[in-house]
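Asker: Take the sequences, apply the hints, and build the full model.
For the record, the sequence lines run as chains A and B. Residues in the first sequence are numbered consecutively from 10, following my numbering. Residues in the second sequence are numbered consecutively from 380, following my numbering.
Please keep in mind that the hints were generated in silico from the structure rather than gathered at the bench. One thing to keep in mind: the hints can contain errors.
[Unchecked claim] Listed next, the in silico EDC-like pairs over lysine to aspartate or glutamate satisfying Cα-Cα at most 16 Å (straight line): (1) K338(A) with D424(A); (2) K220(A) with E237(A); (3) K192(A) with E41(A); (4) K702(B) with E150(A); (5) K287(A) with E261(A); (6) K16(A) with E36(A); (7) K77(A) with D124(A); (8) K705(B) with E150(A); (9) K171(A) with E36(A); (10) K399(A) with D442(A); (11) K573(B) with D146(A); (12) K704(B) with E150(A); (13) K21(A) with E79(A); (14) K573(B) with D124(A); (15) K21(A) with D34(A); (16) K367(A) with E354(A); (17) K573(B) with E127(A); (18) K126(A) with D144(A).
[Unchecked claim] Which bits of chain A does chain B cover? Going by a derived footprint, with three or more residues having C-beta under 8 Å, they are: (19) 99 to 106; (20) 111 to 117; (21) 151 to 158.
Just so it is clear, CB atoms sit at the ideal spot from N, CA and C, and this is done for glycine as well.
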Amino acid sequence: MAEVFLKLEGIKKSFGGVRALKGVDLEIRKGEVHCLAGENGCGKSTLIKVISGAHDPDEGNIFIEGKKVENLKPIDSIRMGIQVIYQDFAVFPNLTVAENIAMNRALMTGAKKMDWKEARKLAIEAMEMIGAKMDPDILVERLSVANKQMVAICRAIINDAKFLILDEPTTALTAKEVEKLFKIIRKLKEKGIAIMIVNHKLDEIYEICDKLTVLRNGEYVSNGDITEYDRARFIRDLTGRDIEEIKYSPEEDENEILRVEHLTRVGAFEDVSFTLKKGDVLGITGLLGSGRGELGDALFGLAPAQSGKIILNGKEIQIHSIQDAMNNKIAYVPEDRLTQGLFLERSILDNTMAASIKNYFKKGKLDYKAMEIATDDWIKTIGVATPSAKPAIRTLSGGNQQKVAIAKWLNTSPDLLVLNGPTVGVDIGSKSDIHAILHRLAKGGVGIIVISDDLSELVQNCNKMIVMRNGKVAEVIDNTVDETTLADMLSGKQGG
Amino acid sequence: MKNKSIKDVLTSTEMINVYIIVALSMVIGSINSNFLSVATVITLSRAIMVTMIFALGEMLVIVSGGIDVSFPAVACAALFVPIKLMVDNGINNVWFAFGLAIIIGLVFGALNATLTAVVKLPPLIATLGVSSLINGGMLAFFGSKEISNLPKAVDAISQKFLFTYTAPTGATYSLTVLFLIPVILCIGVALMLKYTMLGRGIYAIGGDQNAARIAGFNVVRIKYFVYMFAGAITGLGAMCYCILCRTANPKNLMGSEMMVIAAIVVGGTRISGGHGKVIGTVLGVVLVGLIQNNLIMAGVPAYWQKFVVGLVIVLGTSITSLKAKKIAQSAKV
Ligand SMILES: Nc1ncnc2c1ncn2[C@@H]1O[C@H](COP(=O)(O)OP(=O)(O)OP(=O)(O)O)[C@@H](O)[C@H]1O
Ligand SMILES: [Mg+2]
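Answerer: In structure tokens form, the structure reads like this:
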């Protein structure tokens, strides 16, 4: 068996009263791809930050290549060959792509001078490896989420790491880039590099991982070869319950909720028409740049359509701005929750109420009691792991932040709910809870549109799907399609 | 930057400053033909050189994500204490004057850094506290009486010039040798910011302090450097001011922080940190200096000058923050 690179013993870490890690053991060997799995808020990212020196553990021992290390600081961990792709990327918005990518190398070697030529070269090299196409001189604040994630990946893979940690590295990537990333990971593995991945997409875990460690609630649950885990056992270990994966098939209903006719925004999408009937959960999918995201932005007035008709519940409506959309009871969960969806420094309550606050004015005063009750209610139904509604969003785990972003819009009691990548980073247990909520709302007459490139989620969750290619509707299908066929449709290999 | 489009360059904050400076100069020049002359350049250079030194330190602090409102107080202490000591004890040495001024700046810079980086007070609160601490101390120990006979060696510097220009009218204009200090500092700081990892670290912690920490930057050390460097050059600038005025006044510089910060922000530095360039700050200082010192040549009454300064600051800072907002909301690539 290969040598052990990292060994953890009894790691404990608390934040105030929240016990994030309650004594975790872990062993990672060279040349293995190790999956760290567990529900949202179980402590995966916290454990990673302990390994990278970003958090000091309260108790426990860390051994790196057999040597016990104490008082680990980020720079020490980097010098020992550990590179991390953080869940929130931790890139510098005010610096260029090239500098962001080259920064880790410079810090690792302890360079005193900034070599701009070298930085550019390194960045271009890294981007070629993963197939990213970005201007190396552009500031990162101008990048999309997907490209920010690419930057984070590039800067970790370009350094000759001995141990690479990837905390949900594929949340914003499409299938093609995921394939490229996995190719790189396999190559690194052959070179004997130890790799640890956190990921909530089971298919990807089965594709790339050799070993698995499951955590629940800050505690170790089980560990072993991936081959020892079939889907059912995996899900049971993760969630402590069984989850049925059933497709959503509502009864036929002729009542029309939404009709879109010839919607066009030049350069984004063209002549898009579809209808959504009562009970429908409509999926919109397509590759990056197919216009799927832009269509969602248009329905919410972020970048409005220039021509075409939108008819909601029998009435034609005009959407030129976000205000128009909200007045017509349209809600939108955006793709980039960190910069568009949430106020990170504010509490869960403030965020949950952010889009519906006007419903809580009573005689010119805010009804705090009602707001607290509603927030607590959402925390329970949607399964946000938190002791109360008070903590700032920043202190929540990534998946739990996403849940609050959804709760914020559900609380507006919308007539039409558009979700762009609704369950990105959400664990499978909560995913199925969120799906159940969407299905219940759909049956109650709320129009639900799910924009996503997570094909298994679409097939399971939507009874009707639109595939977009080059800004146009390429296919309209129902959920009898399988994922492989759907994937081919996306790239235009199949269908007409 | 190789791929920057011409449009980006032409609409950069630096270029906007250049346009305003040129336009303003033409307006003043068309009203008063005496304006467009070597003499104006020399007097303006002299008038803005101390502000320029202060602005440079303040800019570093702002880029790193902080703010320092204590520099006027630090400057008062750094110019008055050495002169007082020298006069009382009969010391007559230029190096002593500058050396002690810099040391005083370093000490208060270290105090600012400790309060913000270690005690973790918000920078505004910390430096406000330090400011009033110094202010009170100065008043208690020295009162508000100025010293008008500087030690000879120190005073002599005020008569050393780089060159002297004789106008057609016969009047002479001389540029002080001290002008070399801001020039050298500007070049040095610009190079440091662009080509050293320390400089990049200042941008990094201003952009995202937590990301900088986990990337392996020593955030505390960088903050100590920034505040202490700013303190040191504040001391240097203060002694220059004292020499140019040929008196040591314990409170004259108080209240100059707003104008300096405004000039920096007009020059394109984002008050939220992470963005800012030396060239922008130079242009911002020149622009504000031009308005403050030369508008009178265009016949604008004194009370309107305040108004115009305010107007330029409001416009200039709005441009910077509107640009930031536009980037935040624009379509991502
Ligand atoms: N800085 C912090 N302050 C307070 N609480 C924190 C902080 N960071 C994490 N926590 C808490 O620690 C627990 C574990 O969070 P962590 O981010 O490690 O979860 P995770 O397993 O990565 O979840 P996810 O799958 O959603 O990313 C959560 O309850 C979270 O709220
Ligand atoms: Mg996490």
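Asker: Would the pair K21(A) and E79(A) pass a check requiring their Cα atoms to be no farther apart than 16 Å?
Answerer: 14 Å, holds
Asker: Regarding the pair K21(A) and D34(A), is the alpha-carbon distance no greater than 16 Å?
Answerer: 10 Å, holds
Asker: Would the pair K399(A) and D442(A) pass a check requiring their Cα atoms to be no farther apart than 16 Å?
Answerer: 23 Å, violated
Asker: Keeping to a limit of 16 Å between CA atoms, is the pair of K192(A) and E41(A) held or broken?
Answerer: 14 Å, holds
Asker: With a cut-off of 16 Å on the C-alpha distance, tell me whether K287(A) and E261(A) pass.
Answerer: 8 Å, holds
Asker: Does the alpha-carbon distance linking K16(A) and E36(A) stay inside the 16 Å limit?
Answerer: 5 Å, holds
Asker: Test coverage of the region 151 to 158 of chain A by chain B using CB-CB distances below 8 Å; three residues minimum.
Answerer: Holds, because 5 residues of the region 151 to 158 of chain A bring their Cβ atoms closer than 8 Å to Cβ atoms of chain B.
Asker: Check whether the Cα positions of K220(A) and E237(A) lie no farther apart than 16 Å.
Answerer: Within the cut-off at roughly 9 Å; holds.
Asker: What's the verdict on K704(B) and E150(A), does the C-alpha distance respect the 16 Å limit or exceed it?
Answerer: The hint holds at about 11 Å.
Asker: Between the alpha carbons of K705(B) and E150(A), is the straight-line distance 16 Å or under?
Answerer: 11 Å, holds
Asker: Next pair to validate is K171(A) with E36(A); report whether the Cα-Cα distance is within 16 Å.
Answerer: 15 Å, holds
Asker: Tell me if the straight-line CA distance from K702(B) to E150(A) falls inside 16 Å.
Answerer: 12 Å, holds
Comparing the model with each earlier hint shows violations of hints 7, 10, 16; every other hint is respected.
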